[in-house]
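Fit the two chains together into the complex; they arrive one by one in their own frames, and the hints show the way.
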Amino acid sequence: MKGRNEFLVGLVLLLTLVVVVAGALWLSESDIGRRESLHVARFRTVGGLTPGAPVTYRGVRVGRVEAIRLADQFVEADLRVYQGVELPGKPAVIAASQSLFGEWGATIISRDQPQDDPNVRVMLAETSRPGGDRWPGATLPDVGQLTAQAGRIATDIAAVAARVQETFDSTAVAELRRSIKDFGEIADKLVRFTENQTGRLNEVTANVERTSDAVLGASGHLESTLARVDSATADGQLQQILNNTRDGTGDLRAASADLRALLASARGQEASLIRTLLAADSILTGIQSGQGTIGLLAKDPALYNETIETMQELRRLIADIQVNPRKYFKFSVF
Amino acid sequence: MDSARALADARTWAPHVLPQMRRLGVDSVPIALFIATFTGIVLALLSKYIFTGAVPMYFVGALVGKTIMMELGPVLTGLALAGRVGANIAAEVGTMRVTEQVDALETLAYNPNSYLVVPRVLAGVLMFPVVTALAVAIGVTAGWITAINLLDLSTLEFVKGLRLFYRFKDIWFGLLKAASFGAAVTLAGCLMGLATRGGAEGVGRNTTRAVVIGCEAILVLDAFWALVLL
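Same order as they appear, the protein sequences are chains C and D. Residue 22 in numbering that gives the first Met the number 0 sits at position 23 of the first sequence, with consecutive numbering throughout. Residue 144 in numbering that gives the first Met the number 0 sits at position 145 of the second sequence, with consecutive numbering throughout.
The following block holds chain D by itself, in its conformation from the complex (with noise of 0.2 Å):
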């Protein structure tokens, strides 16, 4: 709720959204492709184990494009900067608490939520789709190079089964999930750290209960969408 009524102190907050859509965002899309790419190709090989003998192999399209889109895109995006956002976030925010910076922050008449949760939070929500986006375009463009070298497919039955059963709806879904994953990687983060006691060791528990808690929204989140929006 503070973090609510601190989105109204926007002169407080604004300046420090970039910088955060920075480090939250922009210098997680190296990992998010990493891991993208490695997702697509291991959808592709299994999509050929498992379609063998059955199905038509361009469903290997539909499967990779479908489940990059709407599933592992956003989860695994979600799950890789619940570790790398998150952590950061809470042993950052947690430190500040410990030493008493925060407690500075709020003699010089800054609100806390609006200088520290606020930014982050909304750098999250903002930046999480974004390499999300890039992720699932990545991964399926693995899929597609793993389909045609490996599992002798031509680009056009790829290109068939991506297009066979896509709807608008697979992007925006696993946007919107990648977007409420940031807010909830970012609020845990900010708000672990902030309840950050005890010194190091105290900082060390609430990153990896941000952490925790990060992946366990994420999950809850995904289910909750799919139960909604499906």
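For reference, chain C alone in the conformation it holds in the complex (with noise of 0.2 Å):
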């Protein structure tokens, strides 16, 4: 009996053993034979990420995390990846949801592969300052963060609605119709308006036409003209004229400075002139005052009259001069 209970006691507890092990070992998929390397993963926040988790490459699991912990400001996890695994060379880890229903992993990429997410651009820069031979991490927003996003969203887009609501009330309403009341008789006057212009629009563009049909002949014209230019200046012509051209410019120019020249002469003589219209006008003005002999000649008849008959008694006595000279000279040589 004593053995019985020995052998059948031995043999549950050594089933039981048996049992939990393999099962433990089962369910974590842990393979005792299988080598693995221990990687250290950095994040400031590891959000759902739990030991157990599965670590993940390229969609492939290759590990698990083996434990988390508090690190200064970080958020340190130890990863067990499989050995053999051929891991990027430059590896960083982003921790994220698997489902909507809280399973998390870990997924390692490769650092040199370019992140939409600038959230997770700016995490992995974050965590991979301090140096180290940590791998640095990102965790993206888990369910519950995105569905609280979404309610706020939802709220704002509800507190829209209601001031929509409390705009457009029966007021509003009657205000918008008599808008678009106003706004039809507007569009009739612009469709009448229209309706008008376009009999104008369309001489205009007759008008258009035909000048464009002068301007097609004048175009026609010019381009026998030019083609008669480009005849004409066939034979270094043209080279002639502009030689020509800069011959008489040259010419111009001389005439030009003569010109100046003269002006300022002439400028100069002007000056003068007005002095001496000045003077004149002086004179004149004394004159015609009575001053002076002159004026005196010119005012005083009398004076005039004397003048008169001394010039004629003059004229008398030279002629009688002429006539008798040794009346009035007397040569003697001794």
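The set of hints was computed from the structure by calculation and includes no laboratory data. Beta carbons: idealized from backbone N, C-alpha and C, even for Gly. Watch out, some of these pointers could steer you wrong.
No more than 20 Å apart at the CA atoms, straight line, and that leaves these computed lysine to aspartate or glutamate pairs for EDC-like [as the list claims (entries may be wrong)]:
| no. | chain 1 | residue 1 | chain 2 | residue 2 |
| --- | --- | --- | --- | --- |
| 1 | D | K159 | D | D169 |
| 2 | C | K89 | C | D116 |
| 3 | D | K65 | C | E28 |
| 4 | D | K168 | C | E65 |
| 5 | D | K168 | D | D221 |
| 6 | D | K159 | C | E28 |
| 7 | D | K168 | C | E102 |
| 8 | C | K298 | C | D280 |
| 9 | C | K89 | C | D115 |
| 10 | D | K168 | C | D77 |
| 11 | D | K168 | C | D30 |
| 12 | D | K65 | C | E102 |
Estimated spans, in silico, between C-beta atoms of each pair [unchecked claim]:
| no. | chain 1 | residue 1 | chain 2 | residue 2 | range |
| --- | --- | --- | --- | --- | --- |
| 13 | D | Y109 | C | E102 | 50 to 60 Å |
| 14 | D | T154 | C | V84 | 21 to 31 Å |
| 15 | C | D77 | D | Q100 | 51 to 61 Å |
| 16 | C | R60 | D | L6 | 39 to 49 Å |
| 17 | D | D151 | C | P113 | 36 to 46 Å |
| 18 | D | Y109 | C | G32 | 45 to 55 Å |
Not the full set, but computed from the structure, chain C residues with beta-carbon under 7 Å of chain D [said to hold, decoys possible]:
| no. | residue |
| --- | --- |
| 19 | L7 |
| 20 | V8 |
| 21 | V18 |
| 22 | L26 |
| 23 | G51 |
Right, here's the structure in full:
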């Protein structure tokens, strides 16, 4: 009986031990013979990542999260990665929710691989800054955060909808209807105006068409003129014209200089003339006012008459002298 | 306290541990497995009923595994053994008390605690986790078989769910609880048995009381461990 007890108890204990150990290993997907390497990833926060969570690389499970601990201002996670897995040269880790039901996992990526999410880029830069052999890590928002964000957006939309509802009360609707009616009237006026303008526009178009024809004709003439010019300038005549023009321009420049000198001289003469004229004017004014001999002659008829008479007597004297010179002049040599 | 002091008297209690392990543990395996089997089946069916249309079906594996490993396995096994083992111990020791066999042991210079209590309590502490571990294994297996046969779930899906939230703590947490349940149930049986007075009626009364106290202790300890370890 005692031996049977020992056998049964031992058997059950052994069986239980085997069941527990094998079950634990099977459930944790552990492989006793498999060698693993330990890597440490550094995160600002690990979100819902917990020990035992899967570590994947390009979608394939390559290990598990061994432990998580606080380290200064970061959180460090030990990652057990199966040996033999070819990891990227510059690895980084992204912790993310793997479904809507709270499963989290760590995904190994290459730091050389560009990240679309700016938050991930910032977090990877932050956690890689302290250096060391820690892999930088980033955490994506979990479903709860996204749901909360969606909830806030929904609340905002509801608030906006409520405000729109308040804005569009019965008065606003009536005003809106009136505005629409006014707008309709404006549109009718605009249509009539457009119709009126259409005739004028047609006329303008016709004019433009005619003008276009005229321009076309002028263009033809211009073309023929240009052809003639082209034929005229074909034998270097244009160069000759240009040379002549250059010479003419030089002559013109010289003439212009002469003209400028002439003008300067004329300007000097003009000043002299002005002075002369002023003096003459002064003299004439004096004569006009009867000053001086000429003035007196001009103004006093008696003096004029005496002068005339004097002149006549002088002429007579000269005539008498011519006739009888000895009467007046005596020449003797000795 | 007397029982704790009696631990030092190993020469008295050691030869009786193995037979008690056989009686309390090995002989209780069938009933524990029976309960676990149907627990696993019901859990799988309940999961299907709860999850349909809202949650991926592979969560059936997660719910069956977690629930059986951490809660239903230890508690249901503990309650079943509280009825079977607690009543057995209380009736046996109570009968010895009312028939003055305990007094005879004392007369022969045997410490009743060393002779009666310590082997049973040790056997309970050692064998409850063993029975619970087997019950958990059978319960999960029953849930898996139910899932692939009745729920249109593949083995891979069920295993995926089973491994999804698995932690090693799930196992040792359940086994630790089972050990504490074993101690509580056997201790309640022994103490109620030793406290028996008044003949057969007293034996019946204290047996019932031992079962009730054992069950209550299991539920209180269950809450305690959840509070302390989770």
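Hints and how they fare:
{"no.": "1", "hint": "D:K159 / D:D169", "in the structure": "16 Å, holds"}
{"no.": "2", "hint": "C:K89 / C:D116", "in the structure": "19 Å, holds"}
{"no.": "3", "hint": "D:K65 / C:E28", "in the structure": "16 Å, holds"}
{"no.": "4", "hint": "D:K168 / C:E65", "in the structure": "13 Å, holds"}
{"no.": "5", "hint": "D:K168 / D:D221", "in the structure": "15 Å, holds"}
{"no.": "6", "hint": "D:K159 / C:E28", "in the structure": "11 Å, holds"}
{"no.": "7", "hint": "D:K168 / C:E102", "in the structure": "17 Å, holds"}
{"no.": "8", "hint": "C:K298 / C:D280", "in the structure": "17 Å, holds"}
{"no.": "9", "hint": "C:K89 / C:D115", "in the structure": "18 Å, holds"}
{"no.": "10", "hint": "D:K168 / C:D77", "in the structure": "18 Å, holds"}
{"no.": "11", "hint": "D:K168 / C:D30", "in the structure": "18 Å, holds"}
{"no.": "12", "hint": "D:K65 / C:E102", "in the structure": "15 Å, holds"}
{"no.": "13", "hint": "D:Y109 / C:E102: 50 to 60 Å", "in the structure": "58 Å, holds"}
{"no.": "14", "hint": "D:T154 / C:V84: 21 to 31 Å", "in the structure": "26 Å, holds"}
{"no.": "15", "hint": "C:D77 / D:Q100: 51 to 61 Å", "in the structure": "59 Å, holds"}
{"no.": "16", "hint": "C:R60 / D:L6: 39 to 49 Å", "in the structure": "48 Å, holds"}
{"no.": "17", "hint": "D:D151 / C:P113: 36 to 46 Å", "in the structure": "43 Å, holds"}
{"no.": "18", "hint": "D:Y109 / C:G32: 45 to 55 Å", "in the structure": "52 Å, holds"}
{"no.": "19", "hint": "L7", "in the structure": "5 Å, holds"}
{"no.": "20", "hint": "V8", "in the structure": "5 Å, holds"}
{"no.": "21", "hint": "V18", "in the structure": "5 Å, holds"}
{"no.": "22", "hint": "L26", "in the structure": "4 Å, holds"}
{"no.": "23", "hint": "G51", "in the structure": "5 Å, holds"}
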